[in-house]
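Residue-level listing of the chains:
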Amino acid sequence: MFVEDYKLGGGLNEEQIKIMHEKALKLIENVGIEVPHKGILDILSDYDGVKIEKENVKFSSDLVLKALKESKYDVPDYAKDNWIISAGAHQTACYDLDTGKLRESNSKDLINFIKLGDALNTVGSAPVVPLDVPIQLQLILMFKVAYENSRYRCNDIYEHMDKPTIECANYVYEMAKVAGKRFAYGVWMISPRYFDKNGLEVAYKLLDKGVPMWISTMPVAGVSSPITMIGTMLQSMFEHFAGLTMLSLINTKSFNYISPNDAFEGDAFDMKYSTFVYGSVEYLYHTLYQIPLCRYYGVPIMTKTLLTASKEPDAQAAAEMGIHTLIAALAGARAFRCGGLLSSGEIYSGEQLVIVKEIVEYVKNILKKQEFSEEQLMVDEIEEVGVGQSFIGRKSTIDNFRAEYWQPELFIHSNIGQWKEMGSKSLRQYANEKAKKLIKEHSYQIDEDIKKELDKIYECAQNDVKLKESFK
Amino acid sequence: MFEEISRAVIEGNDEECIKLTQKYLDEGEKPVSIIKDGLVAGMNVVGKRFKAYEMYLPEVMMSANVMKKSMAILKPLISESEMPSMVKIIMATIRGDLHDIGKNLVSMMLEGAGFEIIDLGVDVPVDKIIEEIEKSKADVVGISALLTTTMMAMEPAIKKIKDKNSNVKVMVGGAPITQEFADKIGADGFAPDALRAIDLAKRLVST
Numbered sequence: 001m002f003v004e005d006y007k008l009g010g011g012l013n014e015e016q017i018k019i020m021h022e023k024a025l026k027l028i029e030n031v032g033i034e035v036p037h038k039g040i041l042d043i044l045s046d047y048d049g050v051k052i053e054k055e056n057v058k059f060s061s062d063l064v065l066k067a068l069k070e071s072k073y074d075v076p077d078y079a080k081d082n083w084i085i086s087a088g089a090h091q092t093a094c095y096d097l098d099t100g101k102l103r104e105s106n107s108k109d110l111i112n113f114i115k116l117g118d119a120l121n122t123v124g125s126a127p128v129v130p131l132d133v134p135i136q137l138q139l140i141l142m143f144k145v146a147y148e149n150s151r152y153r154c155n156d157i158y159e160h161m162d163k164p165t166i167e168c169a170n171y172v173y174e175m176a177k178v179a180g181k182r183f184a185y186g187v188w189m190i191s192p193r194y195f196d197k198n199g200l201e202v203a204y205k206l207l208d209k210g211v212p213m214w215i216s217t218m219p220v221a222g223v224s225s226p227i228t229m230i231g232t233m234l235q236s237m238f239e240h241f242a243g244l245t246m247l248s249l250i251n252t253k254s255f256n257y258i259s260p261n262d263a264f265e266g267d268a269f270d271m272k273y274s275t276f277v278y279g280s281v282e283y284l285y286h287t288l289y290q291i292p293l294c295r296y297y298g299v300p301i302m303t304k305t306l307l308t309a310s311k312e313p314d315a316q317a318a319a320e321m322g323i324h325t326l327i328a329a330l331a332g333a334r335a336f337r338c339g340g341l342l343s344s345g346e347i348y349s350g351e352q353l354v355i356v357k358e359i360v361e362y363v364k365n366i367l368k369k370q371e372f373s374e375e376q377l378m379v380d381e382i383e384e385v386g387v388g389q390s391f392i393g394r395k396s397t398i399d400n401f402r403a404e405y406w407q408p409e410l411f412i413h414s415n416i417g418q419w420k421e422m423g424s425k426s427l428r429q430y431a432n433e434k435a436k437k438l439i440k441e442h443s444y445q446i447d448e449d450i451k452k453e454l455d456k457i458y459e460c461a462q463n464d465v466k467l468k469e470s471f472k
Numbered sequence: 473m474f475e476e477i478s479r480a481v482i483e484g485n486d487e488e489c490i491k492l493t494q495k496y497l498d499e500g501e502k503p504v505s506i507i508k509d510g511l512v513a514g515m516n517v518v519g520k521r522f523k524a525y526e527m528y529l530p531e532v533m534m535s536a537n538v539m540k541k542s543m544a545i546l547k548p549l550i551s552e553s554e555m556p557s558m559v560k561i562i563m564a565t566i567r568g569d570l571h572d573i574g575k576n577l578v579s580m581m582l583e584g585a586g587f588e589i590i591d592l593g594v595d596v597p598v599d600k601i602i603e604e605i606e607k608s609k610a611d612v613v614g615i616s617a618l619l620t621t622t623m624m625a626m627e628p629a630i631k632k633i634k635d636k637n638s639n640v641k642v643m644v645g646g647a648p649i650t651q652e653f654a655d656k657i658g659a660d661g662f663a664p665d666a667l668r669a670i671d672l673a674k675r676l677v678s679t
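Line order of the protein sequences matches chains R and S.
Numbering-wise, this note's numbering puts 245 at position 245 of the first sequence, and it's gapless, one number per residue.
Count along the second sequence from 1, then add 472; that gives the number in this note's numbering.
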C-alpha cells in the first residue's frame, strides 16, 4: 500500500475543454487559415470538406476530427514511464565553461554540450548553433554531431529542429537514414493563422519521401493572439488543428502529429521590456492549460518548465524553474523541456543544464511513491531503542537510509565548517566542475563505419553550391 | 596481516569480524595486535572515507559497533600493562542547553576511534566538568552548544576549566559555533562535524 500520490487540483475541466474544442472547430470552419502555396492548395482542392478562397483554407469539422484521430505519437521506449529532460535548441550564445564569459557559440561548444547532454541522459535537439561554420552547414553539422555523440538526440518526437531549405532537409534525411535515426519534418504556423511559404515548400517537396510531419504554432498573448491566456490557448488549438488537418490531407504516405514540444503553445509577453517571458507566472498558467489539453487529445505531455528569464544560473532561474517544474509535475507532467537555457532561450549554459538535472531530481524525489506498511512504521524499532540511545547505527537505518534520504549531488547539505573546508564553492562552481568532468569522461560514440558515412555526406554538403545558394 | 578484520570493520560485518577475531586468537595472535593492526586500522579507513564523503554516518556507526563487539572479546584478554593507554575525553552539553544529538554523535565517533569517553550529558554546570577532570584525569573536554544563547556560556566555562586545570585541552562544537568564535573564547580547537572532531582530538593530545 502507498500513501496517496500528490496531485494538483483545479485547472481546465473536461466541460471547459469541450467548449474550447467546439469553438476551435467553428473557427477552422468559418475563419480558416492562410496557405500560401499553390501546390498544396491544388492537393487540398481535391478533398470534400475543404473550402478554398484564394489562399484562405477552411476545413469541415469531420476532416479535423479525422486528422486528430489519425495523429500518431511513436514515443520511444526510453521515454515511456520515465522522467525526461529535453535540453536546449538553436542557441547562438553560451557561457564559456572555462572563462565563465558569455560569447557566441561554436563547433567545439556544440560537441561539448552534446556530450554533456548525453552524459546527463537528456533528449531533444542540438543545443547550440556552430556559428564558426558557414550558415548552410550549421544545421547539418548540428544533426551530425548529435548523431555521432549522443544516444537520444535529434531522432524522435522530442526533436524540433528546423530544416529551412529542401537541400538542407535532404542532407539531414540522408544522415538520419545512415545513422538509423528517425527523420521528421515540422511545419510552423505563424500566428495569427498563416504559414511560412518556405516551410510549406520544403514540406511539399518532402511529400514523396513519406516522412512523418508535425505541426506547431506559438501564438503570443496580446501580440499575435488575444491578451487573455485562455483566448490564446483557443487560438493555439485552432491553429494546431487546422495545421494538422492540412498535413493529414497532403502527407498521406506517412503519419502526422501535433509536436509535443510545443503542443498548444501560448506564449507570454512582457509589455514593459517587449520580450517573451518564459518562466513567468503567465507562462506557468499556459503550462497548466496545456497539460489537460494534451491529455484530452492524447498528445504526449512535454512542458517547457525549464525556461527562465534570468540571464545567469542564479536564484531567479532556480525559483522560476523549480516552481514551474514542481507544479507541472503535480499536474501530471513527467517530461520537461529547455534544460540549459537562460534569458528565455537566448543563452545556453552547461552549468545550468547540470543544475536543471538536480532540480528535476529534487522534484522527482518529492513525488516518489511513499509506502505505507507495518515495515515502514517500524514499531519494533521504536520499542527496542532505549531512552537516549541512537537509531543511527541500527541495521534498519543502514538498510534504508539511502532510500529514505535523497542525496543530492549539487545541493550540498554540508555545514559552514565543512563547506569552507571543501573550498567555499558556489553552486555554479560545483555545476561547472561537474559539467567539465562529464564532458571529459563522456565515451559514447556512434559506430565508426556510420561515422565515416556521415563524414562523406557532410563533405558533400561542404562542396554543394546548390545548398549554399539555397540559404541566400 | 589482519586485513580481513579491517575489511569486516569497513564493511560493518559484525559476524565476520567476531569470527575472525576468534580465529586469530585461536591461532595465538596477540589481542593488542588484533586491535591495533586489524580493528583500529579498519576504523582509520572508515574515518578517511567518511571525511571524503564516500561513507555515510550510519555506515560509520555500523563499523564502530562492529569494532566494539570485537573489542568486548579482546579487552578481557589484555593485561593492564599491555593495555594501550587510552585518551580520556569528557563530553558535555553546556549549562542551559538540552540538545544532545551532536554531542552524542561526537561521543560515538570518538569512542569508535579508540578514545575513552566520559559523557556527562546535557545542561552540565562547569563545576561538574571540573570535578570530573580531577577525578578521571581526563586529557580533553568537549563542550557542545546548539543555541546562540547558551553558546555564550562557553567562554566563562573554558576560563574556569583552564584556571583550575591548565593542561586540559578544550574543544568546542555545535551548530552556531565557528572557528572564529572558538578562537575568541579561548578554546583549543573547533570541529565542524563529528569526524573532524576525531582529527581534532588526536591533534590536541599530541601537542
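There's no promise every hint is true.
In silico DSS-like cross-links for lysine-lysine, where the CA-CA straight-line distance does not exceed 25 Å [stated by the list, open to error]:
#, chain 1, residue 1, chain 2, residue 2
1, R, K420, S, K636
2, R, K80, R, K369
3, R, K395, S, K656
4, R, K425, R, K7
5, S, K656, S, K600
6, R, K311, R, K456
7, S, K523, R, K420
8, S, K547, S, K609
9, S, K523, R, K425
10, S, K609, R, K437
11, R, K468, R, K452
12, R, K80, R, K205
13, R, K420, R, K205
14, R, K177, R, K456
15, R, K420, S, K656
16, R, K395, S, K600
17, R, K181, R, K58
18, R, K472, R, K181
19, S, K508, S, K541
20, R, K38, R, K425
21, S, K656, R, K437
22, R, K80, R, K368
23, S, K523, R, K395
24, S, K520, R, K395
25, S, K600, S, K636
26, R, K311, R, K425
27, S, K547, R, K420
28, R, K58, R, K69
29, R, K395, S, K541
30, S, K560, S, K674
31, R, K425, S, K520
Listing some non-contacts, in silico: residues in chain R with all C-beta distances to chain S over 12 Å [as the list claims (entries may be wrong)]:
#, residue
32, E22
33, G39
34, E55
35, D81
36, N106
37, L207
38, V277
39, R334
40, E384
Bear in mind the hints are in silico, worked out from the structure with no lab data behind them.
Beta carbons: idealized from backbone N, C-alpha and C, even for Gly.
Taking each numbered hint in turn, which are not upheld by the structure, reported in ascending numerical order?
1, 3, 4, 6, 10, 12, 13, 16, 17, 18, 20, 21, 27
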